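All chains should be built: construct the whole structure from the sequences, respecting the hints.
Going down the list, the protein sequences come from chains A and B.
In this text, residue positions in the first sequence follow my numbering: the first is 1, and each later residue adds one.
In this text, residue positions in the second sequence follow my numbering: the first is 1, and each later residue adds one.
In short, the hints are calculated from the structure, not lab data.
Be aware that a few hints might be false.
Derived list of chain A stretches under chain B, where covered just means 3 residues or more per stretch with a C-beta under 8 Å from a C-beta of chain B [said to hold, decoys possible]:
hint : segment
1    : 82 to 94
2    : 101 to 109
Derived DSSO-like pairs (lysine-lysine); straight-line CA-CA distance at most 27 Å [to be verified]:
hint : chain 1 : residue 1 : chain 2 : residue 2
3    : B       : Lys190    : A       : Lys19
4    : B       : Lys204    : A       : Lys84
5    : A       : Lys65     : A       : Lys175
6    : A       : Lys199    : A       : Lys175
7    : A       : Lys127    : A       : Lys84
8    : B       : Lys204    : A       : Lys65
9    : A       : Lys203    : A       : Lys133
10   : B       : Lys204    : A       : Lys133
11   : A       : Lys23     : B       : Lys190
12   : B       : Lys190    : A       : Lys84
13   : B       : Lys190    : A       : Lys65
14   : A       : Lys80     : A       : Lys175
15   : A       : Lys80     : A       : Lys23
16   : A       : Lys132    : A       : Lys199
Nothing here was measured: the structure is a model prediction, and the numbers come from that model.
Backbone N, C-alpha and C fix where the C-beta goes; we use that ideal spot for every residue, glycine too.
Chain by chain, the residues run as shown.
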Amino acid sequence: MTQTVLEIADLQLHFFTDKGVVKAVDGVSLEVGRGEVVGLVGESGCGKSVTSLAIMGLIPQPPGKVVAGSIQFEGMDLTKISQKELRRIRGDQVAMIFQEPMTSLNPLFTVGNQLMEVVRIHRKVSKEEARKKALEMLQQVGISREGILDDYPHQLSGGMRQRVMIAMAMMLNPKLLIADEPTTALDVTIQAQILDLMKNLNKEFETSILFITHDLGVVAEMCDRIVVMYAGQIVEQTDRFRLFRNPKHPYTQGLMNSIPKIEDKRDRLYSIPGQVPNPHQMPRGCRFAPRCEYVMDICRESSPDLIAVEEGHLSRCFLHQEVKEVAATST
Amino acid sequence: MSTHTHPVPFTKPEPPIAPDKEIAESPFRDFVRAFLRHRSAVIGSVIVLSFLLIALLAPFITSYEYTARSQALLQAPSVEHWFGTDEMGRDIFTRVIYGTRISLWVGLFAISGSIMVGSLLGLVAGFYGGWRDTIISRFFDILLAFPSILLAIAIVAMLGRSLSNALLAIAIINIPTFGRLMRSRVLSVKSEDYILAARAMGMKNRRILFFHILPNCWTPIMVQGTLGFATAVIEAAALGFLGLGAQPPEPEWGTMLADARQYIQLAPWTMIFPGVAVALTVLGFNLLGDGLRDIFDPRMKQ
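Right under this line is the structure:
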């Protein structure tokens, strides 16, 4: 890692609702380096999408509020700067693509119109230049048919629309691309194409990607480093080789076990028992304790810290501490 | 005609499939086709268009002036006076035809006025929410708390009786209909993914509001506008009937009905023809509005 593009430090984002405060993001710290692809993995409702929206400054306020922490991007704290400055960064230096390509394009405007609009909001360029740029970018994402600029979104398939969305996000060559489950809504074959495309763009333009997904298969294919979130907290963070070979946190291990393997001959697929805790009533100790198969007394009492199990491998579990302590006492 | 030099094939060749496009059909052509297939929309638009033509071509359709009096008072329909004459000897056919102008005029201006004001208020209320929404929505509630015609009467009574004041009153009482419709539409469009995407592209609120949300809200407003047109025509006639709208000798349908009231038994045609004109106009706009609503309803799409 040469240079950090994005650095989130101890981000606390709360939603103030009538039922009480929901700590949607609770002390998340992560870094994305230049040209790096970082995966943010977790179940629905674990706070991964909220984190990404917080980076974009798109959390509705109220009820949402960044209570503490910072989001450093290129020397600016995105939680502190004004809406106006934030707007200048959005779509230009940080771009985002969404889960649903079917509904992420405005149905009333042509593809060309929408692509050109992005350029013309941020740069002073003529219509012809913007049009040229749009065509170039569409070629980059693998659409070479010129007539597409005059097509309406409803005339395109889901895969095509996601390509258009990616082109739109890449129009101004952003330093960071946030992809919020960009392939979840697509067919498997199209998924592979889109992932390939994103990998190529990542190489060619050195765009860093924060890849949000719940699909471990996608993560294995795409990401250099992986951050696993559970109930608003990071539970494990390491590079992809170590995560898949040697997952440390019981939750990550559970996720790995939930992937069906073809050589396995069992009647029922494995799933982690229990449910994600209700955000209004978080467990007192470790948030994963009620579902954890290795749960100890201490887990129900206090919350473990995110500690380095080894160089570049963080995990939030008392098991490691104990192992360490045992190791420390034995030597 | 070209001559075939090769044998005619037994089956028609399949039309080439347009590459990369699932639907090679423009939205407008789609709309026209659905429109022509919808019977009441077609009937409604024929009625509306006829009234529009009548209004435009009024001087060419009839050779009388709408204030011109003849010696024949309260004369039954005849070759000379197709719809008969009224108590002052004026040709009723001519007056009904010129009355079309007034009714369409009132409908057009009153409804465009309420659409403009109502949409703007609804847009602000729905998009910004908070105190703006509270104030605007309560304002709509207050307007809706009165029976609309009563409110119109009150407004005209305050401003003085004239056609333009009646028009203004009709515009005001119809504001909440469009305002509420717009507000609810904005609330749903606002949470669409493409609006979030537009924000993520760094667009300003105002740009999102007017270039991305507003155009996606027009359809129900258009349908309601067509239906509202019918209401406006009735309301104009009602105010005219009460003597609060167009003043004599303007050939307003409601005013004509009011004048004819005394002669119902003696000369029913003085009442029938303006009445039928009102009913037909309203019917036309209602059919058209219902048709448009069906056509724009995505559930009705095949």
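Problem - Holds or violated: B:Lys204 to A:Lys84, with C-alpha atoms at most 27 Å apart - result: holds (9 Å)
Exercise for the section: Below or equal to 27 Å on CA atoms is what counts here, so check A:Lys203 against A:Lys133. Expected result: Distance of about 20 Å is within 27 Å: holds.
Problem - Given hint A:Lys199 paired with A:Lys132 - CA-CA distance at most 27 Å - result: Status holds; Cα separation ~24 Å.
Exercise for the section: Quickly compare the C-alpha distance for A:Lys80 and A:Lys175 to 27 Å and report which way the hint goes. Expected result: Given pair A:Lys80, A:Lys175 holds - Cα atoms ~20 Å apart, limit 27 Å.
Exercise for the section: Assess, step by step, whether the Cα of A:Lys127 is no farther than 27 Å from the Cα of A:Lys84, and give holds or violated. Expected result: Roughly 24 Å between the alpha carbons, so the hint for A:Lys127 and A:Lys84 holds.
Exercise for the section: Take a quick look at whether B:Lys204 and A:Lys65 sit within 27 Å of each other, Cα to Cα. Expected result: Between B:Lys204 and A:Lys65 the Cα gap is close to 21 Å, so the pair holds against 27 Å.
Practice task
Examine the segment 101 to 109 of chain A: at least three residues should have C-beta closer than 8 Å to a C-beta of chain B.
Solution key: Our answer is that it holds, as 6 residues pass the Cβ test (under 8 Å) against chain B, meeting three.
Handout entry: Hinted pair A:Lys80 and A:Lys23, Cα distance within 27 Å
Key = holds (20 Å)
Exercise for the section: Could you grab the alpha-carbon distance between B:Lys190 and A:Lys84 and see if it respects the 27 Å cut-off? Expected result: It holds: about 20 Å lies between the C-alpha atoms, which stays within 27 Å.
Practice task
Compare the distance between the alpha carbons of B:Lys204 and A:Lys133 with 27 Å, and conclude whether the hinted pair is satisfied.
Solution key: holds (22 Å)
Handout entry: Agreement of B:Lys190 and A:Lys19 with the hint, judged by alpha carbon distance not exceeding 27 Å
Key = holds (25 Å)
Handout entry: Three-residue Cβ test at 8 Å for the coverage of the segment 82 to 94 of chain A by chain B
Key = holds (count 6)
Going down the numbered hints, you'll see the structure goes against none, and every one checks out.
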